[in-house]
Every structure is written in structure tokens, then in C-alpha cells.
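Novice: One letter stands for each residue in the lines below.
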Amino acid sequence: MSDRPPGPPSAPPRSAGRRTFLRSGAALMGATLTGAISGVRRAFAQPAPVTEPLEVPEWTRTMGRPIPAEMYGLPSKYEARVVRRRSDVFVNRQNWSDWSMSPLQYQHGIVTPNGVFFERHHAGTPSIDPERHRLVIHGMVKRPLVFTMSDLMRYPAVSRFYFLECSGNTLTDWIKAASTTVQQSHGLLSCAQWTGIPAAWLLDEAGLQPGASWVIFEGADGAVHTRSIPLQKVMDDALLVYGMNGEALREENGYPLRLLLPGWEGNVSVKWLRRIKVVDRPAFFRSETARYTDPLPGGKWRQFSFVMECKSVITYPSGGMKLPGPGLYEIRGFAWSGNGAITAVDVTVDGGRHWEPATLEPPILERCLTLFRYRWRWDGRPAKLASRAVDSTGYVQPTVEELARVRAVTGFVQHHNGIFPWEVKSNGEVTNAVA
Amino acid sequence: MPSLRCRRALVGLVAGSIALMTTAGLAQEPQVGRPRAGFGRPITEQAIAPWNIDIRTSDGAGLPPGRGSVAEGQKVYEAKCIACHGEKAQGGSMYGTMVGGINSFMTDRRILTPGSMYPYAPILFDYIRRTMPMDRPGSLTSDEIYAVSAYILFLNGLIPETAVMDAQSLPLVRMPNRDGFVLDDRPDVRAVRCMNDCPPIGVARR
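Line by line, the protein sequences are chains D and E.
Residue 39 is where the first sequence starts when you use this note's numbering, and the numbers rise one by one after that.
Residue 819 is where the second sequence starts when you use this note's numbering, and the numbers rise one by one after that.
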């Protein structure tokens, strides 16, 4: 996949005149800052004025299309590359317990559009009739309750922005540069505005019995995916979600109802939610013993490692892109933390020897993607870019070297929140610079 | 003590609210916190039973009646599981091995199987019942699930060929990785926010 850098959605036609203008403009800007080096390579010159008359293309000389037959709008056909991508670095031999990844390199702003929001499922995506769907709350409660979707949607609602990241995000790239693009390395990450009901409200209505301390959440899909969650988290900020970015959940993201546990690994936010059972201890399901546990030195496994710790990645420039020449670039990307808000992001262009603070773009919300921007004048020499985030607990995003010192990096290792480098070669090509 | 001005403002606010309530019928509901809704309907545990399938795997609470032997399990396995998981659960067209790996966790190539990884044997029953076979989840009888669990445990050398698994015997199977887990103790690294003359970004080594 050879990606050009993302342009504005309404980029004018790429005429020869415009390209020439951009190239010579970039050359001038590069030359101004790093005169000595650039001066050898290219002469100082004002870019030649555009003399070719601007095009009046056919779309200005004809009528557009009327309201289309399909009343749900789709992106321009020129944006056809902005799609989810099935996991293809780690390749599953079947397509029912699988995942697909978000094209972060093309995401403008902190909200991931629903059609490209990453998804992972364990027995395919079910198509659930909301009229027939039910949510049950039982176990250590005084009054077991059942809800229809209409019941749930009648409650006062809350809408909150939260990121969602799979525990396995970046797992292919611990020790080698396996991924080409940021979609492959970090695309199990997305962010949305979620609408639903605090789970605590319904648990309070059901009435917790003494001794209640864990809660089992279970999906209605063919995998009947399930996890045990500490009651404290559920009462704290768990949401029962039916809305996502202004519309109903997409089927692949849990339609008609899912759990959302802010800041925690994606798989605990059980999709297609059908059952909540209050208990006094975890069930130790396969999904919290044989899977979603992290190898540690000494043959051990870390269990119930729910929080996605502070992490960041540069999405532009990123792997698979090619910079057209020296000059100004805005390095940008996302930072997020399951433990709170992002307080700083630093950027390096020399492989970590020196760092400078990036600008954080508001809103800066807890457990939400935060956009960072850093203006960089590339001199045309090879550069190694990376970002490093700090969160409101004071935690500084570590290097993989630091993580590997205390964890066992062997096999299918989750919870990779290490600093991730991209190399910009002198010809402008951007590649994965892990190891 | 609130100041006089404060008290006046408060009195005004309360008076205003009363006026609003009486004239427009507003502000009777608390505007934050749990609403007085109660839109759920009561339901009996009997009605929930078809969905109430979770097993407390550490002691087997919730395991249903039924039983299955290793030999019966082999028959079920060869009819319904072998296509994806392969001969003798050693890996097939879709998935890797479900046998072996015990003692592999001290090496740098950990092999994850039910035998090596599960801390409690009833996880087999819970997981098979919830998910298997993948193209017809939930279609196995309890006897068949006990039997397949027995067969997988036998192939992993954890029970004898003559064993029969049921709600009493399955939780008693001692799994090698029972004490292999530690609770989340992160943050496990404390990185420093170095800005100048820092060591270059390191790499992870096995």
C-alpha cells in the first residue's frame, strides 16, 4: 500500500501547474531555514508564478446529482482508500474470530467515523432485531429485571466521548517492523461520542445484595462473549450504550446495545449485550485466563489487566507515505490514556535524543483521543520521528525497551503502549522504524 | 453563615422555582443522578435460565447434570470439532493445537492450549457450551460437552483414558497453570520525560 499524504477532502485537481507550485514552494521554505545545506542542493529562487489559466472543470459546468436514491450519504468516490482493513500482518485463517482496523492516517479530528471504527468479534457480526433483543439484570440483586430496547431508550441519557482500544493493538510490532502503515500497527484504536445510560442506574434499580463485588457481562452473539468486571468500575463510569456518533451503534460495534467501560481494553466493553449478572467473585472465563492475559517473566501471566495505559502515535507522516520534498510539515497524531487526560505530548525528529512539546488541540478529555500537532521543517536528511505522551497521573509513555525489561515479550503479547518510531528517508519515504 | 446578599439570592431562587413549578409544572424532577424511572420489568430466575449459562470455573458452580467419558468425547470430537482443530486436537485448517505446551512458559516460546493455560478445568465446559461448534454454537448436549472436555483433558495427559467428567469430577482436575496468574500491578514502568541529550529510543529484545 503506497499512500500519498492525506490532502484536504476538497483538494483541487492536481494539475501540473499546482504540483510545480507546491514543489518549488517547499524547496524555498526548506532552503530558507537550512540555508547552508539546501543552498548546495538547490538554488535560491522565488517560485515561478503560475501562468497556466486555472481549470474550469466539468463539475462546475454541469448540474450535480439530485438527492440520491440511497438516502444515507457516503464519502466521495475519491476517498475510497479510507476504509477499514482486515488484520493482514497477523493473519487469521478464518474470518469469524477476526478483526479489522481503522485508517488512522486519514482521520481528521478525534472522532472516528462509524463506518471505519475498528471492530473485533469472536463469532462473526450478528444482525439483531432490536424488537426481540432483551437485557437481563440478575444474580446478587434484590429484583431481577428485564428491559426491552424501548425501555432502555426511554431513560434519561448521557453522551460522552471515549476512545476504545483493543488490548492487542500494536502487538505485531514489539520487536520488528512488521506493519507498513499506522492502520496496521495502531488501527485497533478509535474514538466516538457514545450515548446511553449509566449502568449504575439500572443496578441501583435492581438493588445490590450485600457481598456483591463483581459483575459478569455477556453478549448475545454466537460467541456469547463474556467478561467479569469489578463492581466498582461498573458503578463508577460504565455505560450501556445504544448510540455512537449521532446514530445507532453499527452492527459490528454492538447493535443494538453494548457495554462501554471507559479507558479499558476493548474486549471488556461487551457488544450485543444481553445479560448482566452480579456475583461475588470473577468467573475466570477463558477470555480472562487463556486470553487477554499478559506474559510476565518467570512463566507467569498478568490477569485482569484492564486499563489501556497512556500511549500516542504519529499518524502523519506515517508508514507508507512519501513526502514530496523538504519544507514544512505538520507532524500530527493522537494521544490517549485509560487513566485520565493527556497533559503533554513531546515529539522527536532525531530518534529520541531531543524532544519538544507538541501543541495539544482542544478538547482535551479524559479517556479520549487528544490530537497533537507539531510544525516541522524537514531539511531533506533522514529523520526518525516519534511521539511520547504524558497523562494526568504523571505517567510518561515508555519505550518498548523499558516495557520489555519488566514483561515477557513472547508470542501474542498485548498492552503495547510503547513509543513508536517512523523513519523519513532522504527520498521522502516513510517507513516503520521499530528495531 | 451565608452573607445577606447570598441569602437574598437564595430566597429569590426558591421563590422563582416555586413560581415556575406552579405555573409550568417544571423542576419537579432532580436534574442529575439516577432518575426515578424503573422502566424494567421483574423477571424470574426460571425465565432467565436459558441464558444463565456461566460457570464459576474456580469451583464449578453452575455446572449442569450430565456426564461424558473420554471415549464418547473422541466420537463427538471427530464428528463436530476435527474439521477446524485437526486430528487429536493437534491443530487443523482453522486453529492451532489444543494439546501440549505444559512447561513451555519458562521458555521464550509459550504454547497456549487448554492444558497449558487454563487454571481451572470447568473453563472447558463453559467455553465449549458458549461457543462451540463455531457454526452451530449452543447445539451440544451437556453430556457431549462433558465428553469433549474429558477428551481434551485426556489428550493433554491430565486425566486417564477411563475418566468420566461430570459436575463433581471436572472441578477436581488439577490444572498445571492454576497458580500461574498475578493480578494487574501496573504501572510497571516509570519512564522519565527526558527532553535533551536523551538515550535514543531503544528496542525490545527477547
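Misleading hints may appear alongside valid ones.
What the hints assert, rightly or not - Pulled a few chain D residues facing chain E out of the computed Cβ check, cut under 7 Å: (1) Asp242; (2) Glu290; (3) Phe342.
For the record, the hints were derived by calculation from the structure and aren't laboratory data.
Each residue gets a CB set at the ideal place from its N, CA and C atoms; glycine is no exception.
Novice: Quick one, is the Glu290 (chain D) hint okay against chain E at 7 Å, beta carbons?
Specialist: This interface hint is violated because 18 Å lies over the 7 Å limit.
Novice: Is the interface hint for Asp242 (chain D) satisfied, with its Cβ closer than 7 Å to some Cβ of chain E?
Specialist: Constraint on Asp242 (chain D) satisfied, holds at 6 Å.
Novice: Phe342 (chain D) was flagged as interface toward chain E. Is the shortest Cβ-Cβ separation under 7 Å?
Specialist: 5 Å, holds
Violated hint for the displayed structure: number 2, the only one.
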